[in-house]
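Asks: Here's the letter readout for the chains.
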Amino acid sequence: MTAYPDVLDLIPHRPPFVMIDHIIDITDDAIVAEKTFFDNDYGTRGHFVLEGILIETAAQTVAARQGYDNLDSEGEPARGMLVSIGNLDYFSRAKTGTPLRILAKKKTQVGNFSILTITISQEDATVAQGTIQLFMEP
Amino acid sequence: MHHDILRSLGKFHQDETGRIEAEFCFDPDMALFKGHFPGAPMLPGVVQIEMVRLLLERAENRPLQIIHIKKNKFLKPIVPGDHIKVEIEPCAKAGATSVRARLLVGEETAGTLRMTLGPMENSGVRP
Chain Z
1 MTAYPDVLDL IPHRPPFVMI DHIIDITDDA IVAEKTFFDN DYGTRGHFVL
51 EGILIETAAQ TVAARQGYDN LDSEGEPARG MLVSIGNLDY FSRAKTGTPL
101 RILAKKKTQV GNFSILTITI SQEDATVAQG TIQLFMEP
Chain E
139 MHHDILRSLG KFHQDETGRI EAEFCFDPDM ALFKGHFPGA PMLPGVVQIE
189 MVRLLLERAE NRPLQIIHIK KNKFLKPIVP GDHIKVEIEP CAKAGATSVR
239 ARLLVGEETA GTLRMTLGPM ENSGVRP
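If you read the sequences in order, they're chains Z and E. Numbering-wise (this note's numbering), the first sequence opens with residue 1 and increments by one. Numbering-wise (this note's numbering), the second sequence opens with residue 139 and increments by one.
Because the hints were derived from the structure by calculation, they are not lab data. Model, not experiment: these values are computed from the prediction. Hints are supplied without guarantee of correctness; some may be wrong.
As the list claims (entries may be wrong) - Below, computed lysine-lysine pairings styled on DSSO-like, alpha-carbon distance capped at 27 Å:
(1) LYS149(E) - LYS172(E)
(2) LYS172(E) - LYS223(E)
(3) LYS105(Z) - LYS214(E)
(4) LYS105(Z) - LYS95(Z)
(5) LYS209(E) - LYS105(Z)
(6) LYS208(E) - LYS105(Z)
(7) LYS172(E) - LYS214(E)
(8) LYS106(Z) - LYS223(E)
(9) LYS149(E) - LYS214(E)
(10) LYS211(E) - LYS105(Z)
(11) LYS95(Z) - LYS208(E)
(12) LYS172(E) - LYS208(E)
(13) LYS223(E) - LYS209(E)
(14) LYS223(E) - LYS211(E)
(15) LYS149(E) - LYS106(Z)
(16) LYS106(Z) - LYS209(E)
(17) LYS107(Z) - LYS149(E)
(18) LYS209(E) - LYS149(E)
(19) LYS107(Z) - LYS223(E)
(20) LYS214(E) - LYS107(Z)
(21) LYS172(E) - LYS95(Z)
(22) LYS214(E) - LYS106(Z)
(23) LYS95(Z) - LYS149(E)
(24) LYS223(E) - LYS149(E)
(25) LYS107(Z) - LYS172(E)
(26) LYS223(E) - LYS208(E)
(27) LYS211(E) - LYS149(E)
Let the sequences and hints guide you as you build the complete structure.
Replies: See below:
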């Protein structure tokens, strides 16, 4: 199993706004990360994760991929910006205390803009799925 | 996060059509901005989604969960200290609340949002 760098070496985000724990897998066009929220973490309400924060887990997963690619070129973690979200469905609420798996798969890239499909799952069930567009600072 | 959003809320007004107007201003010293990003504070785009949700919860006096985001565009960065105006137009939908929202800083549109929310289910299963 591949060991990936600490996410804090890959993304510019810092507590309390770090929304991924570690990378699970990286392929040519996708990245999978994992995050477990606990009660009272930033971005939770009661025993559940806020829907908006789930999108942030996906955005930071993509940022981690960019940071990973930059490692070879000794670049600093680049800041990214969410540009848009499209047709995102929530099928259930994400629970605290159970790992979330975040898959971001690249659909298209034009310059520094990327469009990705995101799938967030928990206990093998899809929690949310949709499309995001990001701008990564060069 | 909701605590940060609610203490940043200033004016709130809902008219008889259900249209909501509200104003926010986020304190630069909030812990949130230490992490997003160090040395370059910026309001995370996803916070805009939660701002609109909280305003709707206040208007409907009940917790809501987001079911679908049709389109959310982030047009202009929002930084702490910006005076943010939020305008929400409800679109009636049986059993759910569909809205169009716009966030402005000054005269410029910083974000637009179309989403659907429903009553919150503690079981976690979408209604």
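Asks: With reference to the structure, classify each hint as holding or not holding.
Replies: Now the hints, each set against the structure:
{"no.": "1", "hint": "LYS149(E) - LYS172(E)", "verdict": "holds (26 Å)"}
{"no.": "2", "hint": "LYS172(E) - LYS223(E)", "verdict": "holds (24 Å)"}
{"no.": "3", "hint": "LYS105(Z) - LYS214(E)", "verdict": "holds (25 Å)"}
{"no.": "4", "hint": "LYS105(Z) - LYS95(Z)", "verdict": "holds (23 Å)"}
{"no.": "5", "hint": "LYS209(E) - LYS105(Z)", "verdict": "holds (19 Å)"}
{"no.": "6", "hint": "LYS208(E) - LYS105(Z)", "verdict": "holds (19 Å)"}
{"no.": "7", "hint": "LYS172(E) - LYS214(E)", "verdict": "holds (20 Å)"}
{"no.": "8", "hint": "LYS106(Z) - LYS223(E)", "verdict": "violated (34 Å)"}
{"no.": "9", "hint": "LYS149(E) - LYS214(E)", "verdict": "holds (22 Å)"}
{"no.": "10", "hint": "LYS211(E) - LYS105(Z)", "verdict": "holds (20 Å)"}
{"no.": "11", "hint": "LYS95(Z) - LYS208(E)", "verdict": "holds (23 Å)"}
{"no.": "12", "hint": "LYS172(E) - LYS208(E)", "verdict": "violated (31 Å)"}
{"no.": "13", "hint": "LYS223(E) - LYS209(E)", "verdict": "holds (19 Å)"}
{"no.": "14", "hint": "LYS223(E) - LYS211(E)", "verdict": "holds (16 Å)"}
{"no.": "15", "hint": "LYS149(E) - LYS106(Z)", "verdict": "violated (41 Å)"}
{"no.": "16", "hint": "LYS106(Z) - LYS209(E)", "verdict": "holds (19 Å)"}
{"no.": "17", "hint": "LYS107(Z) - LYS149(E)", "verdict": "violated (41 Å)"}
{"no.": "18", "hint": "LYS209(E) - LYS149(E)", "verdict": "holds (26 Å)"}
{"no.": "19", "hint": "LYS107(Z) - LYS223(E)", "verdict": "violated (34 Å)"}
{"no.": "20", "hint": "LYS214(E) - LYS107(Z)", "verdict": "holds (24 Å)"}
{"no.": "21", "hint": "LYS172(E) - LYS95(Z)", "verdict": "holds (26 Å)"}
{"no.": "22", "hint": "LYS214(E) - LYS106(Z)", "verdict": "holds (24 Å)"}
{"no.": "23", "hint": "LYS95(Z) - LYS149(E)", "verdict": "violated (33 Å)"}
{"no.": "24", "hint": "LYS223(E) - LYS149(E)", "verdict": "holds (9 Å)"}
{"no.": "25", "hint": "LYS107(Z) - LYS172(E)", "verdict": "violated (32 Å)"}
{"no.": "26", "hint": "LYS223(E) - LYS208(E)", "verdict": "holds (21 Å)"}
{"no.": "27", "hint": "LYS211(E) - LYS149(E)", "verdict": "holds (24 Å)"}
Taken one by one, the earlier hints fail for this structure at numbers 8, 12, 15, 17, 19, 23, 25, listed in ascending order.
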